[in-house]
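My request is simple: use the sequences and hints to build the entire structure.
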Amino acid sequence: HHHLQLPPETVFVAFLGLKPLTCTLIQLHVCVCLQWEEVSIMDEKNIPIRTYQVCNVLEPNQNNWLRTDWIPRSGAQRVYVEVKFTLRDCNSLPGVTGTCKETFNLYYHESNEDRESYIKESSFIKVDTVAADESFTQVDVGDRIMKLNTEVRDVKVMMRKGFYLAFQDVGACIALVSVRVFFKTCPLTIRNLATFPDTVTGADTSSLVEVRGSCVNQSEEREEPKMYCGADGEWLVPIGGCLCNPGYQEKGGTCKACSVGFYKAKSSDAGCSKCPPHSHSLRDGATVCDCHSGFFRADSDPPSMACTQPPSGPQQLISVVNETSVVLEWAPPRRLGGRSDTSYSLECLICQTGSHSQTGSKLCLPCGSDVLFSPDQTGLKSTRVVVSELRAHTHYTFIVHARNGVSQASGAGAAQSVSVTVTTNQAATQNVLSLSWQQPDRPNGVILEYEVKFYEKDQKERSYRIMRTFSRSVDVTALNPLTVYVFHVRARTAAGYGEFSSPFEFATNSDPFPLIGEGVNSAFLLLSVSGVGILLLISAAVFIISRRRSKYSKTKQDSEEEKHLNPGVKIYVDPFTYEDPDQAIHEFAKEIDVSSIHIERVIGMGEFGDVCSGRLRVQGKREIYVAIKSLKAGYSDKQRRDFLSEASIMGQFDHPNIIRLEGVVTRCKPLMIITEYMENGSLDAFLRKHDGQFTVIQLVGMLRGIASGMKYLSDMSYVHRDLAARNILVNSNLVCKVSDFGLSRVLEDDPEVAYTTRIPIRWTAPEAITYRKFTSASDVWSYGIVMWEVVSYGERPYWDMNNQDVIKAIEEGYRLPAPMDCPVVLHQLMLDCWERERAERPTFSQILNMLDKLIRNPGTLRSEVCVSVLPEVCVPVSSVCEWLRSIGLERYGDTLAAAGYTMHCHVKKMDLYWHLIITFLRLSMLKQTSLHVSFEHV
Numbered sequence: 001h002h003h004l005q006l007p008p009e010t011v012f013v014a015f016l017g018l019k020p021l022t023c024t025l026i027q028l029h030v031c032v033c034l035q036w037e038e039v040s041i042m043d044e045k046n047i048p049i050r051t052y053q054v055c056n057v058l059e060p061n062q063n064n065w066l067r068t069d070w071i072p073r074s075g076a077q078r079v080y081v082e083v084k085f086t087l088r089d090c091n092s093l094p095g096v097t098g099t100c101k102e103t104f105n106l107y108y109h110e111s112n113e114d115r116e117s118y119i120k121e122s123s124f125i126k127v128d129t130v131a132a133d134e135s136f137t138q139v140d141v142g143d144r145i146m147k148l149n150t151e152v153r154d155v156k157v158m159m160r161k162g163f164y165l166a167f168q169d170v171g172a173c174i175a176l177v178s179v180r181v182f183f184k185t186c187p188l189t190i191r192n193l194a195t196f197p198d199t200v201t202g203a204d205t206s207s208l209v210e211v212r213g214s215c216v217n218q219s220e221e222r223e224e225p226k227m228y229c230g231a232d233g234e235w236l237v238p239i240g241g242c243l244c245n246p247g248y249q250e251k252g253g254t255c256k257a258c259s260v261g262f263y264k265a266k267s268s269d270a271g272c273s274k275c276p277p278h279s280h281s282l283r284d285g286a287t288v289c290d291c292h293s294g295f296f297r298a299d300s301d302p303p304s305m306a307c308t309q310p311p312s313g314p315q316q317l318i319s320v321v322n323e324t325s326v327v328l329e330w331a332p333p334r335r336l337g338g339r340s341d342t343s344y345s346l347e348c349l350i351c352q353t354g355s356h357s358q359t360g361s362k363l364c365l366p367c368g369s370d371v372l373f374s375p376d377q378t379g380l381k382s383t384r385v386v387v388s389e390l391r392a393h394t395h396y397t398f399i400v401h402a403r404n405g406v407s408q409a410s411g412a413g414a415a416q417s418v419s420v421t422v423t424t425n426q427a428a429t430q431n432v433l434s435l436s437w438q439q440p441d442r443p444n445g446v447i448l449e450y451e452v453k454f455y456e457k458d459q460k461e462r463s464y465r466i467m468r469t470f471s472r473s474v475d476v477t478a479l480n481p482l483t484v485y486v487f488h489v490r491a492r493t494a495a496g497y498g499e500f501s502s503p504f505e506f507a508t509n510s511d512p513f514p515l516i517g518e519g520v521n522s523a524f525l526l527l528s529v530s531g532v533g534i535l536l537l538i539s540a541a542v543f544i545i546s547r548r549r550s551k552y553s554k555t556k557q558d559s560e561e562e563k564h565l566n567p568g569v570k571i572y573v574d575p576f577t578y579e580d581p582d583q584a585i586h587e588f589a590k591e592i593d594v595s596s597i598h599i600e601r602v603i604g605m606g607e608f609g610d611v612c613s614g615r616l617r618v619q620g621k622r623e624i625y626v627a628i629k630s631l632k633a634g635y636s637d638k639q640r641r642d643f644l645s646e647a648s649i650m651g652q653f654d655h656p657n658i659i660r661l662e663g664v665v666t667r668c669k670p671l672m673i674i675t676e677y678m679e680n681g682s683l684d685a686f687l688r689k690h691d692g693q694f695t696v697i698q699l700v701g702m703l704r705g706i707a708s709g710m711k712y713l714s715d716m717s718y719v720h721r722d723l724a725a726r727n728i729l730v731n732s733n734l735v736c737k738v739s740d741f742g743l744s745r746v747l748e749d750d751p752e753v754a755y756t757t758r759i760p761i762r763w764t765a766p767e768a769i770t771y772r773k774f775t776s777a778s779d780v781w782s783y784g785i786v787m788w789e790v791v792s793y794g795e796r797p798y799w800d801m802n803n804q805d806v807i808k809a810i811e812e813g814y815r816l817p818a819p820m821d822c823p824v825v826l827h828q829l830m831l832d833c834w835e836r837e838r839a840e841r842p843t844f845s846q847i848l849n850m851l852d853k854l855i856r857n858p859g860t861l862r863s864e865v866c867v868s869v870l871p872e873v874c875v876p877v878s879s880v881c882e883w884l885r886s887i888g889l890e891r892y893g894d895t896l897a898a899a900g901y902t903m904h905c906h907v908k909k910m911d912l913y914w915h916l917i918i919t920f921l922r923l924s925m926l927k928q929t930s931l932h933v934s935f936e937h938v
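Counting from 1, one number per residue, gives the positions in the sequence shown under UniProt numbering.
Since the hints were derived computationally from the structure, they do not count as laboratory data.
We put the beta carbon where it would ideally sit given N, CA and C, even for glycine.
There could be a bad hint or two in this list.
[As the list claims (entries may be wrong)] Using C-beta positions, here's what the derived DEER-type ranges look like:
(1) Gln583 <-> Gly859: 49 to 59 Å
(2) Pro766 <-> Thr378: 49 to 59 Å
(3) Arg856 <-> Ser343: 26 to 36 Å
(4) Gln583 <-> Thr195: 34 to 44 Å
(5) Ser214 <-> Arg115: 33 to 43 Å
[To be verified] The calculated DMTMM-like cross-link candidates involving lysine to aspartate or glutamate, where the alpha carbons are at most 25 Å apart (straight line), are:
(6) Lys120 <-> Asp69
(7) Lys45 <-> Glu151
(8) Lys101 <-> Asp133
(9) Lys669 <-> Glu579
(10) Lys689 <-> Asp821
(11) Lys161 <-> Glu210
(12) Lys689 <-> Asp800
(13) Lys773 <-> Asp805
(14) Lys266 <-> Asp284
(15) Lys161 <-> Glu113
(16) Lys590 <-> Asp637
(17) Lys669 <-> Asp593
(18) Lys632 <-> Glu587
(19) Lys266 <-> Glu250
(20) Lys773 <-> Asp722
(21) Lys570 <-> Glu505
(22) Lys460 <-> Glu505
Right, here's the structure in full:
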C-alpha cells in the first residue's frame with residue numbers, strides 16, 4: 001500500500017462561523033496499487049488545481065480506496081463532509097458497457113488514536129453512495145467546460161476520539177477536487193443579560209441542546225436563563241434572564257453604572273432615574289440619593305420620593321370653654337415640609353403659679369388619665385379636639401405639636417408647637433345640645449343635606465323627632481333637663497339617603513357618653529360649644545357679603561397674590577418656546593411602544609387625522625381603554641409641530657377634570673397621541689341626546705367639575721382660549737373633563753383674522769376679539785357661555801345670529817337670557833361672567849366656591865322665571881302680565897293673552913320660538929324703535 005498526501009490546494013477548511021475539525025492538512029491514502037492518481041488540471045479560470053483521479057472503466061470489478069489521515073473529533077457529535085468532484089458520462093466512453101459506473105461510495109471508521117496504518121476494508125462503515133448531478137463528456141473537457149458537483153453528507157461520530165474517511169471507486173471515471181470536513185455550533189451570544197457559550201450541536205438533526213446562561217457582570221438572575229441550540233446552529237427563543245444590580249442599568253447587553261446625579265434602587269427598576277428633588281448622588285453606581293442638608297427621608301419613604309422637611313408649628317390656636325370641657329381648634333402649619341402625612345398631638349399640663357417663688361414661676365405637671373380627648377390625643381389628622389372631664393377652677397395649658405414622617409429623623413418635635421392657657425368654670429344644667437359630626441369617608445356623590453333623628457333613651461324609638469340641616473352641625477333645643485338622648489345621623493346625596501349612623505348618647509347635664517359602635521355615614525358626634533348661633537349669623541353675613549359684585553373686583557391682582565403666597569404651584573411651560581419640538585414632547589410626555597396599542601375602531605375625524613378608540617396594555621399595569629389621535633400621512637413640519645405641541649401641553653396637567661395624556665408614539669409612523677377614553681363623548685352632543693333628563697343638581701355637578709379643571713389651569717397660568725361645551729368630554733360616570741388644547745397660541749397680524757371661523761366668536765370675550773387679549777378672565781367669559789349651554793341642554797349660543805351681529809349685540813349690552821327652568825342664581829353667575837370689565841368678573845376659584853355652596857344648599861336652586869330684557873331686571877313672577885310689567889313691555893300683554901300665554905307655566909315652558917320672540921323684543925328696546933310682533937304668525 002502506498003501513502004499519498006493530499007496537496008494543500010486540493011483540501012481547504014472554511015470557517016464562516018463554523019468550527020473546523022482540525023487545522024492540519026488531511027492526508028488521503030490509496031489502496032489497490034496506484035489506481036487513484038494525483039493529477040494537476042486547469043479550472044474554468046485557467047488556474048491549475050490538484051486532484052485525485054481514477055478512471056479504470058475498462059476492467060470489471062473495480063475496488064479502489066482512498067483514505068484520509070486520522071481526524072480528531074474535537075467534541076463534535078455529528079460532522080458534515082462536503083465533497084467537490086467531477087465525473088465522466090459513461091455513454092461518452094466507447095466499449096465500456098457493463099463495466100463503467102457513475103457513482104462512488106463514502107465510508108468512515110472511528111478510532112481513539114492515530115496509529116492505524118492499515119485498516120481492514122470490513123472495519124469501515126458506509127455513509128452513502130454518492131452520485132453526480134452533472135457529468136461531462138470528452139467534448140466538454142475539450143471545450144473547457146467543467147461540471148463540478150458538490151455533495152454534503154452528515155456522519156454521526158460519538159464513540160471514539162477521532163475518525164477516518166475513505167472513498168471507494170467501483171469503476172467510475174472520477175476526479176476528487178476538494179474535501180471539506182466540519183461540524184456546526186451555536187456561536188457565543190448574550191441574551192437578556194446572560195452569556196451563552198459557543199455550543200456544539202446535538203448528534204441528531206432534530207435534537208436540541210439545552211444551555212444554561214451565566215449572568216453578565218453586575219447582574220443577578222431574575223429567572224434561570226436558558227436557551228436551546230438547534231441542529232442547524234441557531235439559538236432558539238431565550239427563557240428567563242438577568243437584571244442589572246441596584247446602581248446599574250442595561251446598555252448594549254451589559255450593565256453600566258448609573259452616572260452622578262442618578263440612582264437605581266432595585267434590580268427590577270427599568271433603569272437609572274434622576275435623583276428626586278432635594279437629594280443628590282456624588283458617585284457612579286448609586287442605589288439611593290442622599291438628602292440635601294436640612295432635608296430628610298423617612299424609613300418608610302421609597303427612594304423615589306423627594307426629601308422633605310418637618311412642618312412648622314400650627315397656627316391660630318384658639319379655645320372655647322364650655323363648662324368643664326374645652327374645644328381646641330387651630331390652623332395647619334404654614335409650611336408642611338412637602339409632605340401630606342402631617343399629624344397632631346396634644347400635650348396637656350396643669351399649671352400652678354408658685355407662691356413660694358418671688359419670680360412667679362409656674363409649676364406644670366401632666367394631666368391625669370381622667371381627662372378625655374375626642375377623637376384622640378395623638379395621631380390626629382383633623383385640627384379640632386374636644387377635651388372633657390376637666391376640673392373646675394383649674395389652669396390648664398395645652399400644647400399642640402405638628403409632626404410628619406421626618407420629624408423624628410430631623411430631631412424636630414417639641415419645637416413645632418404653640419400653646420394656650422384655659423381656665424374652666426363650674427358645670428351647669430342645660431336643655432340645649434349642640435351637635436357636630438364629620439363627613440362620611442366615602443359619600444356616594446355630593447352631600448345635599450343631613451338628617452338627625454333623636455329620642456329619649458327611656459322611650460326607645462317609640463317617639464322620635466327629625467331635624468334636617470345643610471351643615472355638619474345642629475342645635476337641638478327644647479330638651480328636657482337631666483335627660484339622656486340617643487342620636488342617629490344620615491346623609492342624603494342625589495342618589496338618596498344613606499344608612500343611619502350607630503347610636504350616640506348625650507345627656508343635657510353632662511359631657512358625651514362613650515360612643516356605642518361605629519358610624520356608617522358619620523364617623524362620630526361631638527358635644528360642641530353653645531355659641532353656634534353666633535357662628536351661624538357670622539357665616540350668613542359672610543355669605544351675603546360674598547354675593548356682592550364687588551367680590552369679583554381686582555381679579556388679576558388677587559390671582560397674582562395667590563401665586564405669590566403659593567410659590568410651590570406648578571407653572572405651565574409653553575412648548576413653543578422650545579426650538580426643537582421633540583425636546584418638549586420627550587420632557588412632558590411618555591413614549592409608548594406601538595406594540596402596546598390595539599386600535600379597535602374609528603370614532604371621529606380630527607384636525608390632523610383620524611381619532612380612534614382602542615386598548616393600551618403597558619407592562620405591569622392593567623389594560624385600559626384609550627382614545628388615539630393620529631397624524632395623517634404627508635404632513636408638513638408645521639403640522640407635526642402643532643400636533644405634538646398639544647401633547648406637550650396636556651402632558652403638563654394632572655387633574656381629575658382635565659383629560660389625561662397616557663403618552664405618545666413618535667418613533668414610528670403614524671405619529672399618535674394617546675389619551676384616556678371618554679365614553680360619552682363631547683358635552684354638547686351628550687346633553688342634546690339626553691335633553692331634560694338630568695336634575696338641576698346633576699347639571700350643577702357637571703359645571704362644578706368644569707370649573708375645578710379651569711381653576712387648576714388658571715393656577716398654572718394656562719389660558720385655554722377655546723373653552724366650549726364641544727371641548728368638554730364626559731365619561732361613563734358623568735365626570736366632565738376639559739380637553740382640546742390645540743387652538744393657535746398667537747393670532748396673526750391680519751386684523752380680519754378676528755372675524756374668521758378660526759376664532760370662536762360666540763364663546764370669546766370682547767377684549768379677546770377686539771384686542772386679542774386672552775387671559776383667565778376671558779376664559780371666565782367662555783365659562784359663562786358653557787354654563788348657558790349646559791343648562792339649555794346643548795342649545796347653540798345666540799341661536800342663528802351671525803358672528804357680526806353677535807359682536808354688535810354684545811357691544812350694545814345684550815346678554816343671553818336665562819334658559820328654560822334656569823335657577824336665578826345660576827343665571828346671575830352667568831351674567832357676572834359676562835361683565836364687560838374683566839376685572840369685575842369672578843375668578844375660577846370664586847366660581848368653584850359658589851357652585852360648592854349651591855350644591856350644599858340645593859334650596860337656593862329654585863327654578864325662578866328670569867327672562868328679563870336687561871340683566872338687572874330679574875324677579876320671580878306669577879303671570880305673563882307681571883313679567884311684561886317687570887321689563888317695561890306691558891303693552892304686549894293683550895297680544896300675548898289673545899295668543900293664550902297668560903299663566904306662569906307658559907313662561908316656564910317657553911321653547912325656541914319663545915326665545916326668538918324675546919330676542920326681537922330686546923333688540924327693539926336696544927334700538928329704541930317700535931317693533932310689531934304677530935304672535936299668531938309665530
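Structure-based check of each hint:
no.	hint	verdict
1	Gln583 <-> Gly859: 49 to 59 Å	54 Å, holds
2	Pro766 <-> Thr378: 49 to 59 Å	57 Å, holds
3	Arg856 <-> Ser343: 26 to 36 Å	28 Å, holds
4	Gln583 <-> Thr195: 34 to 44 Å	37 Å, holds
5	Ser214 <-> Arg115: 33 to 43 Å	40 Å, holds
6	Lys120 <-> Asp69	15 Å, holds
7	Lys45 <-> Glu151	22 Å, holds
8	Lys101 <-> Asp133	14 Å, holds
9	Lys669 <-> Glu579	22 Å, holds
10	Lys689 <-> Asp821	18 Å, holds
11	Lys161 <-> Glu210	23 Å, holds
12	Lys689 <-> Asp800	20 Å, holds
13	Lys773 <-> Asp805	21 Å, holds
14	Lys266 <-> Asp284	15 Å, holds
15	Lys161 <-> Glu113	7 Å, holds
16	Lys590 <-> Asp637	21 Å, holds
17	Lys669 <-> Asp593	12 Å, holds
18	Lys632 <-> Glu587	24 Å, holds
19	Lys266 <-> Glu250	13 Å, holds
20	Lys773 <-> Asp722	13 Å, holds
21	Lys570 <-> Glu505	48 Å, violated
22	Lys460 <-> Glu505	12 Å, holds
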